[in-house]
Amino acid sequence: MQHDVVIAGFGGQGVMLMGRILAYAGMRQGLQVSWLPSYGPEMRGGTANCTVVLSERPVGSPVVEFPRALLAMNLPSLDKFEPKVKAGGIVIVNSSLISRPCRRDDVRVVQVAANDLAIEVGNPRGANMVALGAYAAVAGVPAWDRVEEVVRETFARKTDLVEKNLAALRRGAEAVATGATASPAVAGA
Amino acid sequence: MQHDVVIAGFGGQGVMLMGRILAYAGMRQGLQVSWLPSYGPEMRGGTANCTVVLSERPVGSPVVEFPRALLAMNLPSLDKFEPKVKAGGIVIVNSSLISRPCRRDDVRVVQVAANDLAIEVGNPRGANMVALGAYAAVAGVPAWDRVEEVVRETFARKTDLVEKNLAALRRGAEAVATGATASPAVAGA
Amino acid sequence: MSQIVIDPEACKGCGLCVQACPQGVLTQGRDLNSKGYFYAQVTAQMRCIGCRLCCITCPDVAIRMRIHGTFYRYFQY
Amino acid sequence: MSQIVIDPEACKGCGLCVQACPQGVLTQGRDLNSKGYFYAQVTAQMRCIGCRLCCITCPDVAIRMRIHGTFYRYFQY
Amino acid sequence: MARKLMKGNEAIGEAAIRAGCRFYFGYPITPQTEVAEYLARRLPEVGGTFVQAESEVAVPNMLYGAAGTGERVMTSTSSPGMSLMMEGLSYLAGAELPCVIVNVMRAGPGLGGILPSQGDYFQATKGGGHGDYRCPVLAPWSVQEVTDLVQDAFDLADFYRNPVLVLADGLIGQMMEPVEFQEDRRPCKALPDKRAWAARGWKGDRPRAIINSLFLDPEDLERHNRDLKAKYDAMVRDEVRFAEYGTDQDYEVLIVAYGTVARVCKTAQEDLAEAGVRVGLLRPITLFPFPYEAVRRAADKARAVLVVELSTGQMVEDVQMAVMGRRPVHFHGRQGGMLPSPEAVAEQVRAILRDHAAGPSARRRASRRGGAS
Amino acid sequence: MARKLMKGNEAIGEAAIRAGCRFYFGYPITPQTEVAEYLARRLPEVGGTFVQAESEVAVPNMLYGAAGTGERVMTSTSSPGMSLMMEGLSYLAGAELPCVIVNVMRAGPGLGGILPSQGDYFQATKGGGHGDYRCPVLAPWSVQEVTDLVQDAFDLADFYRNPVLVLADGLIGQMMEPVEFQEDRRPCKALPDKRAWAARGWKGDRPRAIINSLFLDPEDLERHNRDLKAKYDAMVRDEVRFAEYGTDQDYEVLIVAYGTVARVCKTAQEDLAEAGVRVGLLRPITLFPFPYEAVRRAADKARAVLVVELSTGQMVEDVQMAVMGRRPVHFHGRQGGMLPSPEAVAEQVRAILRDHAAGPSARRRASRRGGAS
Amino acid sequence: MTELVFGRPRSLTRVPMHYCPGCTHGVIHRLIAEVLDELGLQGRAVGVAPVGCAVFAYNYFNIDMYEASHGRAPAVATGAKRTHPELIVFTYQGDGDLASIGTAEIVHCANRGEKVTVVFVNNAVYGMTGGQMAPTTLAGQVTTTSPLGRDVEQAGYPVRMVEMLAALRTPAFLARVSVHSPARIIQAKAILRRAFEYQVKGTCFSMVEFLSTCPTNWGLTPPEACRWLETHMLPYYPLGIFKTPEGPERTPAPLESLPDARGVQAVPAAAAPTGANGETGE
Amino acid sequence: MTELVFGRPRSLTRVPMHYCPGCTHGVIHRLIAEVLDELGLQGRAVGVAPVGCAVFAYNYFNIDMYEASHGRAPAVATGAKRTHPELIVFTYQGDGDLASIGTAEIVHCANRGEKVTVVFVNNAVYGMTGGQMAPTTLAGQVTTTSPLGRDVEQAGYPVRMVEMLAALRTPAFLARVSVHSPARIIQAKAILRRAFEYQVKGTCFSMVEFLSTCPTNWGLTPPEACRWLETHMLPYYPLGIFKTPEGPERTPAPLESLPDARGVQAVPAAAAPTGANGETGE
Ligand SMILES: Cc1ncc(C[n+]2csc(CCOP(=O)(O)OP(=O)(O)O)c2C)c(N)n1
Ligand SMILES: Cc1ncc(C[n+]2csc(CCOP(=O)(O)OP(=O)(O)O)c2C)c(N)n1
Ligand code: SF4
Ligand code: SF4
Ligand code: SF4
Ligand code: SF4
Ligand code: SF4
Ligand code: SF4
Ligand SMILES: [Mg+2]
Ligand SMILES: [Mg+2]
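Protein chains in written order, with the numbering used here: chain A, 61 to 249; chain B, 61 to 249; chain C, 84 to 160; chain D, 84 to 160; chain E, 184 to 556; chain F, 184 to 556; chain G, 4 to 285; chain H, 4 to 285.
Keep in mind that the hints were calculated from the coordinates and are not lab data. Each hint should be verified, as a subset may be incorrect.
[To be verified] When the alpha-carbon atoms are kept at most 27 angstroms apart in a straight line, the in silico DSS-like pairs for lysine-lysine are as follows:
#	chain 1	residue 1	chain 2	residue 2
1	F	Lys-372	F	Lys-414
2	A	Lys-218	C	Lys-118
3	D	Lys-118	B	Lys-218
4	B	Lys-218	E	Lys-386
5	D	Lys-118	B	Lys-144
6	E	Lys-414	E	Lys-377
7	E	Lys-414	E	Lys-372
8	H	Lys-204	F	Lys-414
9	A	Lys-218	F	Lys-187
10	E	Lys-386	G	Lys-204
11	A	Lys-144	C	Lys-118
12	F	Lys-414	F	Lys-377
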């Protein structure tokens, strides 16, 4: 089966890096992978996104119009990509910055207060890692160990960052596991 | 019938002008005409030539590989174009500058000591007009009156030149008529 | 009397006006606008001398200045 | 003693050497070469002082100078 | 007006003036420099402006600025200069600016030579610049025709808001032939009002004029591409021009040729007719849009098709697309400034007929014979 | 070497270095700027030289100077920049200088947009510059393939003494995929000795090197043109490359597509297969020489052909020339940076089959359907 | 009575500009619009946008606009001005655009003495494409294509376009200004106005080089970027008027003294010169 | 003993040059060849011919040669020199080639400080294409594209390339010489030699502008053309060294005093410096 995910947010939220980590981890696992940044009109003006495909067969189209998963780090991203997610797919919502509920009822919606949880684990700039952890936990691919391995290598030059980011990553996975993922805004909706 | 002629010589001998006069005169006479200068590799280094086609039907190819007539004002021109003249055609040779005889025996060769005759009529720069007169007289097309008419108009701004050039033109025709056309060099050959 | 108005949606939070103001009238806010920028805010309107340096500096024409009554221009602009 | 040789086929009859020669050694000829140029000729070799100005001026390197014995250079070239 | 003996390049200049063109931007290059020289003299006489540009890279951008104000503007150049205009031409097409560009082709590639060629057929017809654009391409075969086509080119340009190319060979530029300018010539297309889009200062009476080819949003750009395509399709529908000679009677071989080469072929056709060999001649006048239908129809009447070009074979591909394998397509090409003589073309025709008499395998051997085979 | 996740643009740079290229001349333009940035960093590490040129007009002329000394040299650019290189490219081809030029295409015409396109197919394959020249054109569909083809491109360039183009779309440049560099890669062609013609200072031991495209005598230039043509014919004979997917079994529709678009079509092929619809896919890898024979053979097995391109239809003409009317050729194009989805391609196939079931008149209506129809 | 004394000039549209936060392209845009307003030129001005970060300038200037190809804006301006000399034509160009790919066009536009105005934005880098070396990049400055800093042995010294163009004989008005501080902005506007006035009078070609920031590609905050401009660019790129049509002035003339913020001047509010784009004082 | 003291330099082939009678292109060719001979560079020199009357220069220089596209010789030279810095690379370019279409290439070649030598032949006209206006055409000069004389209001003043390039900061050797008289030719050669020497030492970019005649398109006899150059071109195009790598020298330095024809210097014939192309003293 092919796993494809669109990761979207403000420039500066680290969405490109999230995608790269997924792609690297997938490759480690022996999967075929592709990572495609958006470099279109959104380039300026703050939004950014990338598409990652993980597959056992050679990757066909690296562009995915209807992804199986969405990782939305801010509201414009949710607005833009939510309608495109395939039925039965996954939508991870950064509920720290997105106060509206997800409108789809045919996908699995996971609310993660990524920024809040990042602050909680003492890594305020690690919201992307929290969200990534949540996605990896929900999707199951790439394997958790591979993701941790790649995160470790990515920050290898600054050892303190490795632990901080691993903590954020794990906090995201934990949040999924414990179900403590719904943000207040959504709970109230 | 189509009349086509290649006029060739040194740059500065006025061969382009000769061609233009023929073309204008032909047009006056109601013929279809084309005038094509060489603008090829010969452009520099002193040689120049042009091709004039006069025809009752619309002119087909303005480039003529095998012309019906050649007007050779200097030796390199004779060398180059002599072999190409159609059998039965006309070759006018400026025997003032060309000391070798024409090698073709299947064409009508007319030797005109154009420079000498031009000096004779007091128009040392009028060798081209002498040769033109000879050609027009031999070819019969365009009509003599038209040629005179065009020469008149060409030099209209400088009245003294009109008469001088007409004199040269007529001297050329006369030379053909009187048969006094062979230059000494050829006579001796 | 001068009045400075910053359009929160037009502001990109660059901070140039804050730095330009000789009177410390403006501060970089802590609220995000819809584009994700911490926009500048007028926090000490009282101190404003109407010099227009903030307006002149703002690359996004996010600042307007109104006056009430006579306006003393510090310089030709 | 200097000797000036002009190659008639290389010369284009521009006349620049004639003008350059301080001694009037050269003249524009009245004979045509095969390209139709009236080439320059050495008409007063005797007067030549070997200054090389003609050689230096000729755009077609048509002039050579030979010497016999010691050569007094008027200038570095 | 009476007939006047004119050099093709001068006739191009005069035709532009008569078409109402008052602005010329150009750079000298053989064999078209006389267009610029003629207009440098003539334009000031009629209140126009001649600007010698610093290069052929600058030229299409000057046209862009000048056409953007709604004026009739033109340039002329020859092959290497045309190549330098490719980015600019793509911008002109993208921004939908009317203008006329005359390419008096010379032989290539690179500096090549200055003698006639038709080696820029692909560049002109398929788009030598980047992106999906097309320009009508008009190919004259005489000095008279180039004056007519240059005038039509301005009308077509205005009608379609598109650059129009006149593709001539060096012979057209250099030769003199009699020309006649119609005094009361009427435009070949309805002339639209340019004030709606021209940049002449915005007084608030219309939307702002924005002369532009940038559409960063792919949906917008796709829409733009499709609008352009619709325009090109309209050209294909409405603007095909060609001439046929001797195709109303029976013939065995159809010759397809354009420009001066077609005149050589016409002479060959006449020579062959005298010898009892019947040949049809089809001469595309618009190279884009190409007369596919007409070529197919005319080819169907023949046993074989012969394409003659001053190249190693470019238009021949369009002829093949037209004929679609229904008849064998032969090619005779000369290059480098060499020209086929009527005799050589006639010989090609005879060889084709010999081969066809001899049967299919000889035919295969003979296809794309002679020339650049 | 182990697989490495690399961006296509970086992989292009690394591939060049592994092919022995030590000189890069280029100018930034999206979406290929990372090639230059990568090489600006990497070349000095391997003793090479990176020169940022003043423009894309200067670039091919720098290549001309650098290739003329016999070194392996390259540049990369995107569509508008490619257009600016047309004169220079024609000179490189005319002077027979080996070099590699990568065009990471974006949408046009004009400034257009920065998203992927295949609108420069004609420019690359038919010669966007003047004169009769051709360059081998290699079209990769993955990051791995672009690294392989870039290396092959240098070999082909040296073998034929000709510029070689790599024609990629923006996706190839921007995406990351795993790549593997063969450590002991052998050249794909025999590498000739360049010392015989390279300009490295004349010591009298060989004829003087003259790097030149000027032949003022038309007979010389015609000879040169014919020599070039013979070389291009050899490429046509020896260098055709393509890949086929599912053509060993029966299929109803043949899809022809190149570059990233072919990947979309491959996914569509797989989706259709699951639904019981059999489709063949042919992917030209060399666009010049075009795999006419292979396309004809594969088309003959199908009821219809579908060409999918990011343009309003360019390669479709070559496919038509290959198929020569024996099968209907349909076209689906997207423009402006928009991409066809596998779903859309599958739907095109289904529509073609529906039309064919419905008979010839519906078919006619449907031809060149969808897209830029 | 309430009066708007500073707002959006009429010659700017209401479209928000896409520039990065603190990028001084925006300031330069506003200055042009203000000058057009003050000289009453909106109705006959035509601007030519470049390829560079300012590629969308046609969305921001509320006048007829062209979007030119990379580097060729001076040729486009020439074309427009020659057909309609009554138009006030200006180009807006970055340093990659004007000083690299467009070198021939700017030199010859200036040398022909086209009566157009060129606004030249020198931010020492290729902004739009992500921070490559420009001809104006300072010695030692790190960019993505000079990763070890511009090596003047390989890439030469930064080009000073104003000085180079000043060497031409054709009369022109040539100046360099900066927008890294309010005082410099005020001064820049006065000089820009003078440049446009020369065109209005039909006197000569005019060009004003603006030193500008690129916080994004310099990797600095906007205030840091202004300071970097001051400390690094100003010493190499002296401000001043380098040439006027009145005389050669080949050596940089001293800038007129900066406006003195202490000299208070009373003006009734209604006379405030900066127009407002459809806004009223409420 | 007979000795050849002046003949064809080895670095010139024996092919007759195609230039018009009295055209000083020929003189400039010979000077280059003599300098190459004298500096012993024939075996490592590579020349780049332009598009212009000198397009066939590759037939005349007896060394490895390129024929570049119109205006781009400096880019070609850059490419060659960068791959093989040990080569001595020079371009030979006309004024249309260098100062019009090739403006960007010469400016940036100079500004990058490429270690090449540019021979710039300014004859105030496009020679090869038959006498059109060049950027260097004098004010009022009649050409086929300025039939009423160059109108400086429309076409601007003639470009002085040396002065313009001298305004760049990158070190260079920049000079203007003339070949309209024997004395000037002698001086020109000395300066040209210096230009090549800077390249041999790897010091800097060097360019020498030669004022040259075009008798054909000027419509003058060769001697008249030399006088016209002297009376019309010299006042506008001052001769001199405008920049050396040793210092800015922005103002034209006075030319070294002309060789004094009266100062006789005895040298044994064998030491005559000008080599002969395969010719011996017989
Ligand atoms: C012909 C061409 N080459 C290159 C590009 C890519 N490109 C776009 S903007 C730019 C440079 C912009 O830099 P600059 O002119 O300094 O403007 P800035 O963005 O810094 O304001 C380049 C190289 C292009 N669009 N067209
Ligand atoms: C791209 C291109 N444009 C124009 C030409 C035509 N052309 C050939 S030489 C020349 C001008 C030559 O003038 P110059 O450089 O001054 O050299 P000169 O002949 O005077 O020595 C021109 C415009 C060309 N060959 N290529
Ligand atoms: S007008 Fe002057 S004092 Fe008032 S806020 Fe702006 S900068 Fe500060
Ligand atoms: S200068 Fe403008 S954009 Fe920047 S912070 Fe102040 S108001 Fe906001
Ligand atoms: S060497 Fe001097 S004196 Fe002798 S001929 Fe030549 S110029 Fe005259
Ligand atoms: S200078 Fe040379 S070419 Fe001219 S006349 Fe003298 S020898 Fe002949
Ligand atoms: S990249 Fe630089 S120049 Fe461009 S908008 Fe951003 S800060 Fe301004
Ligand atoms: S045209 Fe002029 S520059 Fe060219 S060779 Fe003749 S005289 Fe010399
Ligand atoms: Mg910049
Ligand atoms: Mg010249």
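Hints versus structure:
no.	hint	result
1	F:Lys-372 with F:Lys-414	holds (15 angstroms)
2	A:Lys-218 with C:Lys-118	violated (31 angstroms)
3	D:Lys-118 with B:Lys-218	violated (31 angstroms)
4	B:Lys-218 with E:Lys-386	violated (57 angstroms)
5	D:Lys-118 with B:Lys-144	holds (23 angstroms)
6	E:Lys-414 with E:Lys-377	holds (17 angstroms)
7	E:Lys-414 with E:Lys-372	holds (15 angstroms)
8	H:Lys-204 with F:Lys-414	violated (43 angstroms)
9	A:Lys-218 with F:Lys-187	holds (22 angstroms)
10	E:Lys-386 with G:Lys-204	holds (21 angstroms)
11	A:Lys-144 with C:Lys-118	holds (23 angstroms)
12	F:Lys-414 with F:Lys-377	holds (17 angstroms)
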